[in-house]
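S.K.: So the protein sequences, as listed, match chains H and Y.
The working numbering puts the first residue of the first sequence at 1, with every later residue one more than the last.
The working numbering puts the first residue of the second sequence at 1, with every later residue one more than the last.
Because the hints were derived from the structure by calculation, they are not lab data.
There could be a bad hint or two in this list.
What the hints assert, rightly or not - Cβ-Cβ distance ranges computed for the label pairs, FRET-style:
#1 K15/H x L18/Y: 42 to 50 Å
#2 G28/H x I60/Y: 17 to 25 Å
#3 M39/H x T5/Y: 18 to 26 Å
#4 G16/Y x E52/H: 48 to 56 Å
#5 P96/H x S110/Y: 32 to 40 Å
#6 L7/Y x G28/H: 37 to 45 Å
#7 L56/Y x R22/H: 38 to 46 Å
Stated by the list, open to error - Calculated cross-link-like contacts (lysine to aspartate or glutamate; reagent style DMTMM-like; alpha-carbon spacing at most 25 Å):
#8 K54/H x E42/H
#9 K105/Y x E42/H
#10 K105/Y x E85/H
#11 K49/Y x D30/H
#12 K49/Y x E42/H
#13 K68/Y x E42/H
#14 K41/H x D85/Y
#15 K105/Y x D104/H
#16 K49/Y x D104/H
#17 K49/Y x D56/H
#18 K69/Y x E42/H
We put the beta carbon where it would ideally sit given N, CA and C, even for glycine.
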Amino acid sequence: EAGVTQFPSHSVIEKGQTVTLRCDPISGHDNLYWYRRVMGKEIKFLLHFVKESKQDESGMPNNRFLAERTGGTYSTLKVQPAELEDSGVYFCASSPGRAPIRPDTQYFGPGTRLTVL
Amino acid sequence: AQSVTQLGSHVSVSEGALVLLRCNYSSSVPPYLFWYVQYPNQGLQLLLKYTSAATLVKGINGFEAEFKKSETSFHLTKPSAHMSDAAEYFCAVRTQAGTALIFGKGTTLSVSS
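Model the full structure from these sequences, guided by the hints.
M.R.: Structural data, given as structure tokens:
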């Protein structure tokens with residue numbers, strides 16, 4: 001079974017540009033999460049999808065970030081326009097069940113390292 | 001609000017020595033607790049999780065953790081370190097009502113021969 005995949009693995013962009021990160025969850029997983037780790041800080045939650053619906057987006061930093069999950073399959077996270085403080089590693093995770101009914105294990109992808117110059 | 005504190009950003013041990021990585025949590029309700037490991041250039045991998053069953057939880061690769069409510073702790077241990085255990089370890093908490101994981105800052109484990 002394929003794990004969570006993320007694309008690209010690295011992205012270097014200039015301040016003010018747009019970047020789109022993609023996450024493909026494990027097949028059949030209803031839940032999809034985005035997290036971010038800024039250098040030297042802890043991994044922080046951004047948002048949670050259940051199928052194609054946003055269940056919780058309380059961690060999204062501001063309206064420059066837009067997440068979508070088309071048809072309840074893959075998800076994209078767009079940053080427009082990117083700022084220096086957006087640099088970090090963006091992780092995607094997925095889990096199978098209908099959280100929070102049961103404590104599903106979240107399976108993480110390898111992350112996308114975003115550098116904004 | 002829930003939070004996690006990992007004591008020590010960097011722990012160094014010799015091969016064969018005991019590994020002890022400390023995690024304390026704060027939660028107003030019974031928590032679900034997790035330990036994840038990240039090897040270089042890989043994603044986070046679940047080591048073990050506590051979900052209010054047995055307080056001593058055994059995980060993969062010989063790791064285990066004990067939930068101590070009185071101490072609000074969930075320390076990770078392994079009796080004998082291997083070189084392959086060198087990685088970054090994350091403790092995380094999730095409340096029964098929530099969905100997101102709240103992570104500690106991580107502890108990098110170095111193992112020397």
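S.K.: Next, verify each hint and record whether it holds.
M.R.: Outcome of the hint check:
Taking the beta carbon of each, K15/H and L18/Y are about 47 Å apart, inside 42 to 50 Å as hinted. With their beta carbons about 23 Å apart, G28/H and I60/Y fall inside the hinted range of 17 to 25 Å. Taking 18 to 26 Å as the suggested C-beta distance range, the pair M39/H and T5/Y conforms, at roughly 19 Å. Range check, G16/Y to E52/H: about 50 Å between beta-carbon atoms, so the 48 to 56 Å window is met.
The hinted range of 32 to 40 Å is satisfied by P96/H and S110/Y, whose Cβ atoms lie roughly 35 Å apart. For L7/Y paired with G28/H, a C-beta distance near 38 Å keeps the hint of 37 to 45 Å intact. Against the hinted window of 38 to 46 Å, the Cβ-Cβ separation of L56/Y and R22/H comes to about 40 Å, which satisfies the hint. Proximity of K54/H to E42/H is assessed by CA-CA distance (about 23 Å); at most 25 Å being required, the pair is judged to hold.
Distance hint between K105/Y and E42/H is fulfilled; the C-alpha atoms sit about 4 Å from each other, no more than 25 Å. The straight-line distance between the Cα atoms of K105/Y and E85/H is roughly 18 Å, inside the 25 Å bound, and the hint therefore holds. For the given pair, K49/Y sits about 21 Å from D30/H by alpha-carbon distance, which is consistent with the 25 Å threshold. The hinted pair formed by K49/Y and E42/H meets the criterion: a straight-line CA distance of about 19 Å does not exceed 25 Å.
At most 25 Å may separate the alpha-carbon atoms for a hinted pair to count; K68/Y and E42/H meet this at roughly 23 Å. Note on K41/H and D85/Y: the hinted pairing holds, with a Cα-Cα distance of about 22 Å set against a maximum of 25 Å. Between K105/Y and D104/H the CA atoms are separated by roughly 22 Å; this keeps the pair inside 25 Å, and the hint holds. Annotation: proposed proximity of K49/Y to D104/H holds, straight-line Cα distance about 10 Å (limit 25 Å).
A hinted pair counts as satisfied when its Cα atoms are at most 25 Å apart, and K49/Y with D56/H qualifies at roughly 23 Å. Between K69/Y and E42/H, the direct Cα distance comes to roughly 24 Å. Compliance with the 25 Å bound is thereby established for this hinted pair.
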